[in-house]
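Q: Take a look at the letters that make up each chain.
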Amino acid sequence: MDVFVKYLLAFVIGGAICTIAQILIDKTKLTPARILVIYVCVGVLLTAINVYEPLVKLAGAGATVPLTGFGRLIANGVKKAVDEKGLLGALTGGLGATAGGIAASLVFGFIASLIFSSKPKK
Amino acid sequence: MKKQEYVEYVEKRAKRSPILKNCFFAFVIGGAICTLGQAFLDLYKHLGVNEDDAGTLTSITLIFTSCLLTGLGIFDNIARVAGAGTLVPITGFANAVSSQAIDTKSEGYVLGVGAKIFTIAGPVILYAILSGTLYGVIYYVCTLIWG
Chain A
1 MDVFVKYLLA
11 FVIGGAICTI
21 AQILIDKTKL
31 TPARILVIYV
41 CVGVLLTAIN
51 VYEPLVKLAG
61 AGATVPLTGF
71 GRLIANGVKK
81 AVDEKGLLGA
91 LTGGLGATAG
101 GIAASLVFGF
111 IASLIFSSKP
121 KK
Chain B
1 MKKQEYVEYV
11 EKRAKRSPIL
21 KNCFFAFVIG
31 GAICTLGQAF
41 LDLYKHLGVN
51 EDDAGTLTSI
61 TLIFTSCLLT
71 GLGIFDNIAR
81 VAGAGTLVPI
91 TGFANAVSSQ
101 AIDTKSEGYV
111 LGVGAKIFTI
121 AGPVILYAIL
131 SGTLYGVIYY
141 VCTLIWG
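Taken in sequence, the protein lines are chains A and B. The working numbering applies: residue 1 is where the first sequence begins, and numbers increase by one. The working numbering applies: residue 1 is where the second sequence begins, and numbers increase by one.
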């Protein structure tokens, strides 16, 4: 695929996924934390019913970088683990597939708390 | 100004909430972060990393950048304009974790940072794992029935 088209699709679809959340924030009383929870769960659901994977093929990072992509990693990890070890995989697959992102957030977040102090909110 | 007039005045002002402007910035900045992610993904693949690990490395790179910008106080300035544009990508998750860690360190490293680092991350991880486990059980039952 043409490199330009690939990056354009990542931009447009990634932007569209964010815009849906912005509309939800502006038009409903959903807080950002609830939006994030809804987005991961929707990511798991859409991946489970085979809707999300075609979107990833099309948009690449435009579909994997938003938090729905985090849900996709969970769903794909669980599926792979269930294929390998049966029912136990339902419990081991999700965190296994997302370990890198979760650990990185906690480690870098903790290091940030060692280095930086909170700034007065403007 | 009577109470009725005041209510009408407030409603008139509230309706002007700049939803189009918010959506525009959410779209452009959210799209830009995803495009940046695509660039990192292609870079890591170009360096010979396999597809799955390249995806993980891309997330880690964006998470590192978000934590750094949060610590420097730059992230908040971008997020105020971008709204969901910085919230929905993995950058929002990383910002929620690091800003909580930084803001609560005065409360100590165990019950302050240690507990409150999960204020936003906790619910996200909990419900992600719950829905993932539910899917795993359903998928397992399906494989038993249809092989």
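These are calculated hints, taken from the structure and not from any lab test. Keep in mind that the hints are not guaranteed to be accurate.
[Claimed, not checked] Some, not all, of what chain B presents toward chain A, calculated at C-beta under 10 Å:
# : residue
1 : ALA32
2 : ILE33
3 : CYS34
4 : LEU72
5 : SER99
6 : GLY147
[Claimed, not checked] Chain B residues, not near chain A, derived (Cβ > 12 Å throughout):
#  : residue
7  : GLU5
8  : VAL28
9  : LEU47
10 : LYS105
11 : SER106
12 : GLY112
No experiment lies behind these values; they were computed from the predicted model shown. Using N, Cα and C, we set each Cβ at its ideal position, and we do this for glycine too.
Q: Work down the list of hints and note, for each, if the structure agrees.
A: A quick look at each hint next to the structure:
Annotation: B:ALA32 was flagged as interfacial toward chain A, and the flag holds, the nearest CB pair being 7 Å apart, inside 10 Å. Because the closest C-beta pair between B:ILE33 and chain A is about 6 Å apart, less than 10 Å, the hint holds. For B:CYS34, the interface hint holds, since its Cβ comes within 10 Å of a Cβ in chain A; the closest pair sits about 3 Å apart. Interface restraint check: B:LEU72 against chain A, minimum CB-CB distance 7 Å, threshold 10 Å, status holds.
Hint status for B:SER99 relative to chain A: holds, with the closest Cβ pair at about 8 Å, below 10 Å. Residue-level restraint check for B:GLY147 is violated (minimum Cβ-Cβ distance to chain A is 12 Å; threshold 10 Å). Interface exclusion of B:GLU5 from chain A stands, the closest Cβ pair being 26 Å apart, more than 12 Å. The claim that B:VAL28 is not at the interface with chain A is violated, since a C-beta of that chain comes within 12 Å of its own (minimum 7 Å).
Once the 12 Å rule is applied to beta carbons, B:LEU47 is consistent with being away from chain A; the minimum gap is 16 Å. B:LYS105, annotated as away from the interface, has a beta carbon of chain A within 12 Å; the closest lies near 5 Å. For B:SER106, the condition that its CB be more than 12 Å from all CB atoms of chain A is violated, with the nearest at approximately 8 Å. Chain A draws B:GLY112 into its interface by the beta-carbon criterion, the shortest separation being 9 Å against a cut-off of 12 Å.
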